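J.: Top line first, the protein sequences correspond to chains Z and X.
Throughout, the working numbering is defined as the position within the first sequence, counted from one, plus 648.
Throughout, the working numbering is defined as the position within the second sequence, counted from one, plus 648.
Derived from the structure by calculation, the hints contain no laboratory data.
Among the hints, a few may not be true.
It does not matter which identical chain is used: a pair holds within one copy or between any two.
As the list claims (entries may be wrong) - Taking lysine-lysine and the DSSO-like style, the derived pairs with C-alpha atoms no more than 30 Å apart in a straight line are: (1) LYS980 with LYS1039; (2) LYS866 with LYS674; (3) LYS980 with LYS990; (4) LYS672 with LYS866; (5) LYS980 with LYS1051; (6) LYS990 with LYS672; (7) LYS925 with LYS990; (8) LYS936 with LYS674.
The structure presented is a predicted model; accordingly, all values stated were derived computationally and were not measured.
There are 2 protein chains.
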Amino acid sequence: MTGLLTDLYELTMSAGYFEAGKAKQKATFELSLRRLPSNRNFVIVAGLPQCVEYLLNLRFTAEEIAYLRGLPQFAQVSPAFFDYLSGFRFSGDLFAVPEGTPLFAGEPMMMVRAPLIEAQIPETYLLSAITFQSLIATKAARMVEAGSGRGIVEFGTRRAHTPEAGVLAARAAYIGGCLGTSNSLTGLRYGIPVFGTAAHSWVLSFSNEMDSFRQLQKLLGPQTVQLIDTYDTLEGARRAAELGPPLWGVRLDSGDIVTLARQVRTILDQAGLRDSKIMVTGDLDEQKIRSIVSDGAPVDLFGVGTELATSGDAPSMGTVYKLVEVDICGIKRFTAKFSENKGTLPGAKQIFRLPDRDVLGRVAECCAGAEALLQPVILGGNLIEPLPDAKTAQARAAEAIAKLPAGLRGLEVAPPRPVEHSNDLMALIERTRRNLA
Amino acid sequence: MTGLLTDLYELTMSAGYFEAGKAKQKATFELSLRRLPSNRNFVIVAGLPQCVEYLLNLRFTAEEIAYLRGLPQFAQVSPAFFDYLSGFRFSGDLFAVPEGTPLFAGEPMMMVRAPLIEAQIPETYLLSAITFQSLIATKAARMVEAGSGRGIVEFGTRRAHTPEAGVLAARAAYIGGCLGTSNSLTGLRYGIPVFGTAAHSWVLSFSNEMDSFRQLQKLLGPQTVQLIDTYDTLEGARRAAELGPPLWGVRLDSGDIVTLARQVRTILDQAGLRDSKIMVTGDLDEQKIRSIVSDGAPVDLFGVGTELATSGDAPSMGTVYKLVEVDICGIKRFTAKFSENKGTLPGAKQIFRLPDRDVLGRVAECCAGAEALLQPVILGGNLIEPLPDAKTAQARAAEAIAKLPAGLRGLEVAPPRPVEHSNDLMALIERTRRNLA
Chain Z
649 MTGLLTDLYE LTMSAGYFEA GKAKQKATFE LSLRRLPSNR NFVIVAGLPQ CVEYLLNLRF
709 TAEEIAYLRG LPQFAQVSPA FFDYLSGFRF SGDLFAVPEG TPLFAGEPMM MVRAPLIEAQ
769 IPETYLLSAI TFQSLIATKA ARMVEAGSGR GIVEFGTRRA HTPEAGVLAA RAAYIGGCLG
829 TSNSLTGLRY GIPVFGTAAH SWVLSFSNEM DSFRQLQKLL GPQTVQLIDT YDTLEGARRA
889 AELGPPLWGV RLDSGDIVTL ARQVRTILDQ AGLRDSKIMV TGDLDEQKIR SIVSDGAPVD
949 LFGVGTELAT SGDAPSMGTV YKLVEVDICG IKRFTAKFSE NKGTLPGAKQ IFRLPDRDVL
1009 GRVAECCAGA EALLQPVILG GNLIEPLPDA KTAQARAAEA IAKLPAGLRG LEVAPPRPVE
1069 HSNDLMALIE RTRRNLA
Chain X
649 MTGLLTDLYE LTMSAGYFEA GKAKQKATFE LSLRRLPSNR NFVIVAGLPQ CVEYLLNLRF
709 TAEEIAYLRG LPQFAQVSPA FFDYLSGFRF SGDLFAVPEG TPLFAGEPMM MVRAPLIEAQ
769 IPETYLLSAI TFQSLIATKA ARMVEAGSGR GIVEFGTRRA HTPEAGVLAA RAAYIGGCLG
829 TSNSLTGLRY GIPVFGTAAH SWVLSFSNEM DSFRQLQKLL GPQTVQLIDT YDTLEGARRA
889 AELGPPLWGV RLDSGDIVTL ARQVRTILDQ AGLRDSKIMV TGDLDEQKIR SIVSDGAPVD
949 LFGVGTELAT SGDAPSMGTV YKLVEVDICG IKRFTAKFSE NKGTLPGAKQ IFRLPDRDVL
1009 GRVAECCAGA EALLQPVILG GNLIEPLPDA KTAQARAAEA IAKLPAGLRG LEVAPPRPVE
1069 HSNDLMALIE RTRRNLA
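In isolation and in its complexed conformation, chain Z is listed as follows (with noise of 0.2 Å):
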């Protein structure tokens, strides 16, 4: 992974503490959600190996720091510093909420406790890869409980920013409860299941529809998805039943989805396809998919893409990182940030995760009951134990989005969970506060 996938200013940074004699303190790094995105009364955390990934591989190489010297903002750095560059590792500890955690407004995602430049430059990227994966993989989840147990598959590739990103996006929208992707890469990488058959292509590409369906039913069988309106649906619906099985069902992907889904659902049981599925796509998002069920559509299938692979009315939600402690001269010191609307808390923090609530305490605080939800990934470099994988973190998606209360699961916003402050940290905001006044 390169040491240049940063914003400038952490390297910046890193060259003035390491000329102030500053590289060895000790620092603790905050990732915390300041506000949910809109729309969400929580997010399920996703994209952490990634992060660990980085950390784990972070490296400067010569043409890299070649390209720093050359700054003019590196100037007046002296080569010690691009010599420690060249032999920079992460040395540090991550400690994380595992994959698939629901987290609600104020609560840290992840603490970079290591010295002071190694855990000032990973912030670019941790954050990056962090917020948009619980993005997409709190869409998903808002999909799924849209759909009352009709399946959602990821289709967005194709809108995801950047191919690359579809891939992760695919992951983080199975973790978030789709049944899985169109994106065959993600299945490979990470043992997701993958959808897909035909598209209009497919139907233009022979000279009429009906040799289309044939060719395709050849191909794949009881798999066979016919993609009915490139001419007529209810025309296609027709030419689909009049083939008959092997079928696994039919897609639509355009017209007024409630009545033709009811339509074709008809020409499919006349012609004894009873078992033969619905599926549609297009232009879909969670209120879309709410309302097809609600109006009770025969619809067996929904798969969504734009909307889920760019968390289309929510794109970004304010994630920070921020300096919780440092020690300067051997003593530890608290930090925090008290401007309007842009605090921050100060010390290393945990969540307490109670039925009902959440406590935020300092991190050597124990509360009975509770799950401590900030866990140790990484101790002195070392990933301590493989992370959970994908299927692991959607069924943890799964059983905390059903315990949480009905209001809270829904798409309105409803009033938020309470997360509270333990006494000790409310000290501590305190005597920050008195401190830097």
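Here the structure of chain Z is known, so what remains is to put chain X in place on it, guided by the hints.
T.: The following block gives chain X in isolation, referenced to the frame of chain Z:
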């Protein structure tokens, strides 16, 4: 580039084409801008080098092929198809609109002409690569317009949909008119200017603000940008002023920017620091930039993150990749889809740009005095000449945007630029429609 980074259906269709003896049928696909993103009057094309790199390097590894063979969708596929995949190379042609070109609704961005399978598989990757960067270049152009001559710098990697997307977002933002980026890797890879000095963690890591300012100045000299809002913005400004030069300027990241910028300007001026500049960051978008500028706030440079790197108000756009021609048994067949709201136009096309309108014609037409926008990039699987760099694309965009009428350049949605169809194209549409009826 891994062949598996595509939707599974591209590969099932490819297997089907192969089995149906259609592997070598020549096909033409167009990647078009079906609709403009919301709130946009044009789209600036960006992302072409990534598309080219993909096509030139598209391969299937043994591991990938083994994975496909194990999928139920490929259970009926003959071994010959997998042999074909193992030797897969893109041998076709790519025509594309140069990076930095503004396009309008209904216009093709790229055209791929190749044997059917070779043209089908790239759909997913090409759509994602060109759509994402074009979204960001377009968003950047809006920020630049709003800045009215003040510089805009891209700071959004931490909000991009993966850190790697951040690298390309920064490149695209530069094409759209940004001065540069905070992303160091973008700087190295694409020769784009990089910006960055220090964050709040820098200030907090010292026992007081003055120490942190002094150390930064020692590090950065004339490049110094003091971040003055960690504790109290005006107090911070006074400290920066007290230190005096060398000082590029100060950065405001919170609070009432218009008022603070004026007060800070006064503090700097009274200290004789008339040349020191004021930079503003923090949740900016083009509307806020315009408002700050029109309020006359003395801001010299804007740093924009989230909204730019995610194209926050329009994180997706309706690009499509559709079959427009295919040879069936040696006869050229024009294809189109006439579905409601999702139609496509048959035949390979060219965009003829005239001063006041575009004419969409058939590929072999010519149109006196017009610039033909789709240019050959890859012919017979080979890149015909190196692509223009990001700086050239930036200049092209700036020149083309400057020529647009003020309404189209502005932030509000204006009446669309006319995109007409040539007589030949209209005749072809009509003929194709009749043949399908």
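J.: Each hint should be assessed against the structure and marked as holding or not.
T.: Hint check:
1. LYS980 with LYS1039: neither (40 Å within a copy, 47 Å between copies)
2. LYS866 with LYS674: Classified as between: cross-chain Cα gap 23 Å, same-chain 64 Å, threshold 30 Å.
3. LYS980 with LYS990: within (23 Å within a copy, 62 Å between copies)
4. LYS672 with LYS866: For LYS672 and LYS866, only the inter-copy Cα distance (20 Å) is at most 30 Å; the intra-copy one is 66 Å.
5. LYS980 with LYS1051: neither (39 Å within a copy, 59 Å between copies)
6. LYS990 with LYS672: For LYS990 and LYS672, only the intra-copy Cα distance (28 Å) is at most 30 Å; the inter-copy one is 60 Å.
7. LYS925 with LYS990: Between copies only: 24 Å across, 50 Å inside.
8. LYS936 with LYS674: neither (50 Å within a copy, 39 Å between copies)
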